[in-house]
Structure formats: structure tokens, C-alpha cells
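J.: Based on the sequences and whatever the hints tell you, model everything.
One-letter residues, chain by chain:
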Amino acid sequence: MNNEFEPTILAFVCNWCTYTAADLAGTSRMVQQPNLRLVRMMCTGMVDPKYIVKSLLSGADGVLVSGCHPGDCHYINGNYKARRRVKLLNEILPQFGIEKERVKLTWVGASEGNEFAATVNNFINEIRELGPMEACSMAVV
Amino acid sequence: MAKKIGVYVCHCGSNIAGKVDCEGVADFAKGLKDVAVSRDYQFMCSDPGQEMIIKDIREHGLNRVVVASCSPRLHEKTFQQACARAGLNPYLLQHSCIREHCSWITADPEEATAKAKHIVEAAVERVGRHQELFSREVEVLPDVMVVGAGIAGIQASLDIAKSGHTVHLVEKSPSIGGHMAQFDKTFPTLDCAACISTPKMVAVSQEPNINLMTWSEVEDVSGFVGNYTATVLHKPRYINADVCTGCGACLEKCPTKALSEFDEGLGMRKAIYRNSPQAVPNTPVIDGTICKKITKDKCGICQTICPTGAIDYEMKETREVFHVGSIVLATGYDTMDPTPMAEYGFGKYDEVYTALQFERLNNAVGPTEGRIVMKNGKSPESVAIIHCVGSRDVNYHEYCSRTCCMYALKYDHLIKDKVGHNTNVYNFYIDMRCFGKGYEEFFKRVQEEGVTFIRGRPAEIVQENGKLVVVGEDTLLGMNVRVPVDMVVLCTAMEAQKDMAEVARVFGVAQGQDGFFLEEHPKLGPVSTATDGVFLAGACQGPKDIPDAVAHASGGAAQALALAAKGTVSISPTTSWINPDICVGCKVCVGLCPYSAIEFDDRRQIAVINEAMCKGCGSCAGYCPSGAAQIKHFNENQIFDEIDGLLGLLPGLPEIIDETGAQSVQARNVITPGEPA
Ligand SMILES: Cc1cc2nc3c(=O)[nH]c(=O)nc-3n(C[C@H](O)[C@H](O)[C@H](O)COP(=O)(O)OP(=O)(O)OC[C@H]3O[C@@H](n4cnc5c(N)ncnc54)[C@H](O)[C@@H]3O)c2cc1C
Ligand code: SF4
Ligand code: SF4
Ligand code: FES
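Line order of the protein sequences matches chains A and B. Oh and the first sequence: position 63 is 63 in the working numbering, straight run, nothing missing. Oh and the second sequence: position 393 is 393 in the working numbering, straight run, nothing missing.
If you are wondering where the hints come from, they were derived from the structure by calculation, not from laboratory data. Some hints could be false.
[As the list claims (entries may be wrong)] Below, in silico cross-link-like pairs of lysine-lysine (DSS-like), each with a Cα-Cα straight-line distance of 25 Å or less:
1) Lys33(B) to Lys54(A)
2) Lys87(A) to Lys54(A)
3) Lys316(B) to Lys348(B)
4) Lys418(B) to Lys444(B)
5) Lys172(B) to Lys257(B)
6) Lys77(B) to Lys3(B)
7) Lys235(B) to Lys257(B)
8) Lys587(B) to Lys87(A)
9) Lys587(B) to Lys50(A)
Computed from a prediction, not measured in an experiment: that's the story for all the values here.
T.: Listed below in C-alpha cells is the structure:
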């Protein structure tokens with residue numbers, strides 16, 4: 001059944017870097033698989049871990065968080081805060097039976113359209129490989 | 001009030017419609033909750049497109065609008081303005097992207113259409129949670145504060161003063177001019193530093209719109225863009241500047257001496273001193289830490305000499321408060337102390353100098369009256385100039401200091417010129433970086449003067465038979481070299497001021513990894529900072545030569561003037577808000593906020609946002625354990641509903657329940673177009 005499985009993925013991306021990179025990937029017509037949908041945030045520091053957990057429990061098979069490279073955050077250090085939060089989440093998720101690979105943090109700068117497209121396609125492939133989120137069937141949203 | 005949402009799906013010619021079935025998406029949206037009108041159109045951003053929205057808002061009483069077209073980074077403002085023209089609060093719009101993030105990147109038309117539907121669904125869900133928000137206009141006070149009076153601070157102050165605005169210029173040392181005042185000649189034109197900077201310094205002291213405060217520091221800053229309150233500490237000068245004529249009689253007789261900071265420790269100054277005869281202002285200052293009268297109540301000789309009775313040993317520090325609309329930071333740089341690089345023997349060998357010391361040797365009013373001589377008074381027969389000391393070096397500073405190659409060339413020329421053409425001059429360099437206007441030409445010219453260039457960073461300097469021997473490798477020849485010389489000049493790195501962290505804290509700006517003040521954007525915002533109304537000028541933002549520092553300073557002045565000229569500034573309403581009923585007072589957000597925008601109300605025991613300082617970054621909201629801190633326009637409900645929309649979880653959709661009683665993931669993933677809610 002895994003062959004037919006098409007994952008649904010949400011990505012929380014910061015307006016200043018990764019969202020801009022996504023625009024650039026679009027303008028440069030870099031084809032991406034359709035499984036990933038973007039949520040535009042002003043900064044990765046705004047991404048409450050709740051949003052990630054909520055997405056997973058509501059049917060996303062994977063969540064990508066992506067922002068500016070270290071040192072480039074538009075708000076000084078929001079990305080460092082995101083890094084800490086995602087790291088902790090990655091440690092906690094397995095305790096709920098959710099593979100930590102389902103939540104990924106990357107840095108994609110505004111000029112890195114190709115990097116964005118590659119990140120998206122790779123992550124979709126990884127999650128397709130991992131299979132559907134099973135754990136949410138045990139949780140109540 | 002019942003929600004009435006209008007949905008507008010743009011074709012963007014064939015850019016979207018070529019892949020996405022726009023009509024189908026608009027039809028699908030008709031079935032979504034609270035959608036009153038849903039249309040697709042060729043070009044939504046065109047005048048007729050915008051008119052369509054405006055007309056619908058008026059005729060159908062729409063109170064929410066969704067536009068699905070290109071990236072909101074392009075046209076969100078356009079559609080917000082269209083809403084505003086129709087009397088709808090612009091924040092009741094959600095602009096979603098189905099071009100860059102959908103039609104342009106998806107291979108299959110059906111998949112692209114399905115994805116566009118999810119995106120529209122999410123936008124409809126989210127916009128239902130939008131609230132009216134209002135930007136605030138705040139007044140901008142007309143005065144500007146400039147901190148640091150090196151060449152950058154001087155330029156910024158003169159520019160601003162010329163426009164008629166008052167500048168409060170704060171300089172921590174006794175006189176103005178910064179590093180440039182220490183030089184004798186400047187590259188690449190070799191004009192005399194004093195000849196080009198003195199007129200500017202004098203202009204500062206004579207300009208009625210500039211309130212120059214030397215021997216002063218900014219102690220505290222509060223407020224926000226348009227309305228900063230700065231407390232300036234005036235250190236006691238012990239000389240009444242209003243009475244002092246600058247005759248300098250007092251300087252002669254003072255018996256107490258100390259190493260001169262201005263001469264980089266190469267000469268002595270008195271306890272009562274001024275940096276140079278051309279110092280602006282030319283009022284001396286008494287070093288209260290060594291003056292015998294002030295420390296031990298002895299001496300007092302200067303008071304007896306001063307013909308105007310300007311000396312006042314009882315002077316105390318004072319504070320003055322200024323209200324300004326914006327602040328320009330021009331605090332410059334320091335040079336690195338090479339003592340820790342023991343291999344170069346600075347501090348151990350008499351004839352190893354830093355570049356700034358060498359500037360003083362060259363300066364006509366310096367310790368040697370401008371003669372390049374060794375400590376024994378003789379002229380050197382050979383000099384080695386070592387580039388990149390502490391720059392481009394992972395152990396010290398990774399960056400290039402941008403000026404050393406050029407001032408090294410300046411020294412090459414000055415040595416040949418002043419000491420004689422038979423003097424051997426060796427440059428040990430890594431790469432020659434002569435990037436500026438006229439710089440490469442200067443390099444060529446100096447090469448023709450018969451200077452030697454050896455590519456390679458020297459390993460060490462040793463003393464042998466009364467000579468300093470520079471030991472290194474010539475990486476171009478691939479062989480070791482040992483060059484005996486009489487004098488060595490170390491081109492030490494330009495680095496952030498020692499007190500930069502403290503100054504950054506006072507003004508609420510950040511430092512980059514290199515320690516210099518961090519600009520708002522490395523390319524497009526090099527003079528502004530993340531703190532609105534605080535701008536940068538000159539080398540405090542990173543190593544710069546004089547032309548770049550001056551250009552940067554004029555940029556900072558223009559930014560400050562833009563604020564002052566308009567007189568008001570509009571503050572975005574998408575800030576954080578802390579619900580006082582929910583906040584538990586844990587104070588975590590206070591420490592997380594990078595802009596110090598959160599205050600703690602001790603009486604109510606809750607955190608409160610200062611909206612004028614908040615940038616809406618969400619650091620607080622992303623953490624707040626009680627959910628009290630929320631970013632307006634990016635609040636929890638809005639994001640949750642957007643997630644639901646993206647995942648096709650609109651309330652009212654038939655949930656497909658499998659035998660275990662849980663929602664089937666598969667089922668959710670195949671919620672397809674055309675399956676109306
Ligand atoms: C050895 C050497 C030689 C050079 N030769 C040349 C040359 O020939 N040509 C050329 O184009 N460039 C040259 N440069 C570069 C030049 O020095 C800089 O471009 C220029 O000085 C930068 O000016 P600035 O005003 O930004 O900083 P600075 O000159 O450093 O001035 C900063 C001022 O701010 C004051 N200040 C600092 N902190 C505070 C505070 N907290 N409160 C109040 N005041 C404060 C300081 O006292 C100082 O007066 C040379 C640099 C070096 C190191
Ligand atoms: S983090 Fe939340 S609960 Fe804690 S003080 Fe800030 S707003 Fe209040
Ligand atoms: S949103 Fe950012 S700037 Fe505003 S109060 Fe919260 S942490 Fe500070
Ligand atoms: S703004 Fe991009 S991560 Fe903070």
C-alpha cells in the first residue's frame with residue numbers, strides 16, 4: 001500500500017527567507033511535487049510547537065519548518081529559538097509513537113530557490129518512504 | 001455580524017490558468033462556509049480586477065476578502081488598498097499564492113488544481129478569523145541625536161544640521177575627529193588628513209544647529225521610533241569651556257604625565273591635555289585620575305597660570321536629558337591589540353609598531369614631529385609591513401578589515417618619500433585587495449616606487465644581531481624567507497569597540513557575529529537597524545575606509561531626515577498582544593523578546609507589550625506556555641484554521657471514519673475538488 005501512499009505535508013516558513021525562496025523557485029519554474037503546502041509565518045520563532053503537533057494530529061504526515069540561516073533572521077534570533085523548539089519536539093515525539101523524522105527544520109535563504117525546491121522534493125520523498133502517520137489514530141485532536 | 005466572504009481567483013493570463021482550472025477553483029470556493037461571492041478573473045491586480053472587488057464589497061456587503069493569485073509579497077498591499085478604498089479594513093483580506101507556489105511548480109494540471117483548492121480553502125478558513133487592525137500614526141520629534149564624532153558622525157551631523165534640524169552630537173573623547181584625526185596622510189590621494197578634516201570639524205563647532213557635547217556619553221535610552229529619550233552623562237572636564245580661550249598656557253607647566261592615548265602610547269601627555277593643537281574643541285581636559293590637585297589636593301599649578309580662571313577642580317559630572325525622534329550611531333571601531341600574537345613580538349621588541357602608532361610617527365604634531373625614526377632616533381634602513389594581522393585569521397577575525405592593504409601602500413609610499421628611496425620596504429601580504437576608486441592605480445604607482453611584495457603570512461619575528469628578522473614563506477616562490485629589517489609595522493585588524501556590547505544594549509541594537517553593529521539587511525538595509533529610528537553610520541557597522549564611512553554616514557543622515565521631515569511615522573498593528581486574563585506572569589517572554597518590547601507590570605503581575613517597540617516577530621507567542629501572548633494577524637486561531645483548511649478539515653466536511661473509530665488518513669488526503677462541503 002505504501003506505493004500508493006501520497007503524503008500530505010505542511011511547511012511553516014518565514015516570510016523573509018524561505019517564503020521568498022519559495023517565490024523564487026516558482027518564478028524559476030522549479031517543479032516540485034504537489035504534496036507540500038505552505039503556511040507563511042513572519043519568522044520561524046513564531047512557530048509554536050503546538051502548530052506542528054496540531055498539523056500532525058490533523059492529518060499531515062510531515063511538517064517542515066524553514067527559515068533564515070543562522071545569523072540572518074530578520075528578527076535577530078528567532079531561528080535559534082525555532083531550532084531549540086524543534087529539537088525538543090524531535091525528542092518528545094517518539095514518546096508518542098511519532099517518528100522524529102516527520103518534523104524537520106531547515107534553513108533556506110531568500111536567494112536559494114533551487115535549495116528550496118530540492119528540500120521540498122527530498123522531504124516529500126523521505127516522508128513517502130516513512131509511510132503515513134499512524135499515531136494520530138490514537139490521539140484526539 | 002455574519003461573515004460574508006468574497007473569493008477572487010486570478011488567472012494571471014495563462015500563468016495560473018494554464019495549469020489550474022481557475023473556474024473550477026472559484027466554483028469550489030462557492031461551496032465553502034460563509035462564502036457569499038466567488039469569482040475568477042483574468043487579471044485581479046488590474047484596475048477592473050480591483051474594481052470588481054470594490055464593487056462586490058459595496059453591493060454584497062462583503063466583510064472578508066480572499067484573493068488567490070501571485071505571491072502576497074508582490075500584491076498583498078495592492079489588494080489591501082483596494083479593500084481600504086471600499087471601506088473595508090485592509091486586515092480583513094487574505095492573499096494566498098496559487099502561482100509561485102502552485103501553478104508554476106506543479107507538473108500535473110489536476111494536481112495543481114487540487115492544491116489550489118486546498119490553498120483557497122485555507123485562506124477562507126483563516127480570513128474568517130481575521131480582525132480589524134489599525135496602524136497607529138505617532139509623532140516624530142524633530143531633533144536627532146548622533147553618537148560618536150569621528151568622520152562619520154561629523155558628516156551625518158553636518159548633513160542633518162544643514163536641513164535645519166537640530167543635532168545633539170555626543171562624543172566620548174575630549175575632542176572630535178575620531179581615528180582620522182590621528183592620521184597624517186590618507187590613501188589613495190595622499191591628501192593631508194588634517195587639511196580635509198579640520199574644516200569639517202570646525203564647521204561642526206560653528207554650526208548653530210549642532211549641539212556638540214564632547215567628553216560625554218549616552219547613559220540610557222528609552223522610548224521608540226519618533227520619541228526617544230536619551231540621558232547624556234557629561235564627564236567633568238574640570239575646565240569651564242565657556243571661559244577657556246584654548247590658549248594652552250596650562251599645558252606647559254603641569255608636572256604630571258601619562259602615556260598619550262592619542263599618540264598610541266608613543267609619547268607622553270600631561271594630566272591636563274588636549275589631543276592636538278588643532279583639537280576641536282580646543283578646551284583641554286584634566287585627567288581626574290592622575291591630577292595631583294584632584295587626587296591628593298596638592299599642586300594646583302594650572303589654576304594659578306590660567307589667565308581666564310577657567311580651571312575648576314570641583315567640577316562634578318552632570319546629566320542632561322534629550323528628546324529626539326531618531327538616533328544615528330557613529331561610534332567607529334578599535335584596532336586589535338597584537339600583544340596576544342606573541343610570534344610578532346609586539347611589546348617585546350621596541351621596533352615593532354602597530355599601524356596606528358605608525359600613523360602617529362608620520363604625523364607632523366606626533367611624538368617624532370612626523371619623522372619616521374626608530375626609538376634610537378635613527379632612520380630605519382629597512383621596514384617590513386605585515387598585512388592582515390588579526391584579519392582573515394580564524395583565530396582572531398575571519399573578516400577582511402578592508403583598509404590595511406591600502407594604508408600599507410600608503411606607508412610604502414611615505415617611507416620611500418620621507419626616509420629615502422634607498423630604504424627597503426617589504427610587504428608581507430596574503431592578497432592585495434585594492435577595490436576602491438583609484439585604489440588599483442595607487443597600488444601600481446607604489447609598485448613602481450620599488451617596494452617588495454612577498455606573498456605569505458610571516459610565521460614569526462625574531463631578533464638577531466640587532467635586526468628584527470621576519471621569518472616566513474614566500475608562497476609564490478614556494479620557499480622560506482628570512483628578511484632582516486630595522487622596523488616592523490603590524491597592520492592590525494579593525495575590530496568592534498571594546499564597549500560595543502554595552503553600547504548595543506543601551507541603544508537596543510544587535511551585534512553581528514563579527515561584533516560590529518548589525519544592520520537591518522546586509523544588502524538593502526545597510527544603514528538601518530532592526531530598531532526603528534536607530535541608524536548606523538561609518539565603521540561601527542563594519543570595517544570601512546573614509547570614503548565609504550562618509551557615504552554610509554550621509555545614508556544614515558538621510559534616513560533620520562526622512563523620519564524628521566515627515567514628522568509622523570506609522571506603526572504596524574501586527575504586533576504581539578498579551579491577554580491580561582490569561583498571562584500567568586512567568587516572565588519568560590520578557591527575556592525572549594529581542595527588542596525589549598515586553599515590560600512586566602509588577603502590580604498586576606503580568607507581562608505587557610509595548611506596541612511601539614514590538615516588531616511582531618512572535619518569539620514570545622511561540623513560547624508562551626499559557627497562550628496569552630498572541631501575534632495580531634498571526635494568532636493561534638488563525639493559524640489553526642489555516643492548518644485545517646490546508647489539510648481539508650473544514651468543519652462540516654463528511655469525516656470518513658474507519659472501523660477503529662479514527663479518522664482515516666487516506667480519506668483525508670483524497671478530499672478532492674468538487675466534493676463540496
Ligand atoms: C591604521 C589605519 C589607517 C587608516 N588610513 C586610512 C586612510 O589613509 N584613508 C582612508 O580612507 N581610511 C583609512 N583608515 C580607515 C579610517 O580610519 C576609517 O574609515 C574612519 O576612521 C571611520 O570613521 P568613523 O567615524 O566611522 O569611526 P572612528 O574614526 O572610529 O570615530 C568614532 C568616534 O566615535 C567616538 N565614540 C566611540 N564610542 C562612543 C560612544 N559610546 N559614545 C560617544 N562617542 C563614541 C570615538 O571616540 C570616535 O571619535 C585607516 C584605518 C586604520 C586602522
Ligand atoms: S510567556 Fe505568556 S504567560 Fe509568561 S509572562 Fe509572557 S505572556 Fe505571560
Ligand atoms: S512579537 Fe517579538 S518583538 Fe513583539 S513582543 Fe513578542 S518577542 Fe518582542
Ligand atoms: S525571519 Fe526568517 S527565521 Fe526569523
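J.: For the pair supplied as a hint, Lys235(B) and Lys257(B), is the alpha-carbon distance within the 25 Å limit?
T.: With Cα atoms ~20 Å apart, Lys235(B) and Lys257(B) stay inside 25 Å; holds.
J.: Can you confirm whether the C-alpha distance between Lys316(B) and Lys348(B) stays at or below 25 Å?
T.: Not satisfied, since the Cα-Cα distance of roughly 40 Å exceeds 25 Å.
J.: Tell me if the straight-line CA distance from Lys77(B) to Lys3(B) falls inside 25 Å.
T.: holds, 22 Å
J.: Between Lys33(B) and Lys54(A), is the straight-line Cα distance small enough, at 25 Å or below?
T.: Holds - the C-alpha atoms of Lys54(A) and Lys33(B) are around 22 Å apart, at most 25 Å.
J.: Holds or violated: are the alpha carbons of Lys172(B) and Lys257(B) at most 25 Å from each other?
T.: holds, 21 Å
J.: Mind checking the alpha carbons of Lys587(B) and Lys87(A) for me, to see if they're no more than 25 Å apart?
T.: Since the Cα atoms of Lys587(B) and Lys87(A) sit roughly 23 Å apart, the hinted pair holds (cutoff 25 Å).
J.: Please work out if Lys587(B) and Lys50(A) have their alpha carbons no farther apart than 25 Å.
T.: Holds, at about 20 Å.
J.: Hint check: Lys418(B) vs Lys444(B), CA-CA at most 25 Å. Holds or violated?
T.: Status holds; Cα separation ~19 Å.
J.: With a cut-off of 25 Å on the C-alpha distance, tell me whether Lys87(A) and Lys54(A) pass.
T.: It holds: about 17 Å lies between the C-alpha atoms, which stays within 25 Å.
Hint check: a violation occurs at hint 3 only; the rest are consistent with the structure.
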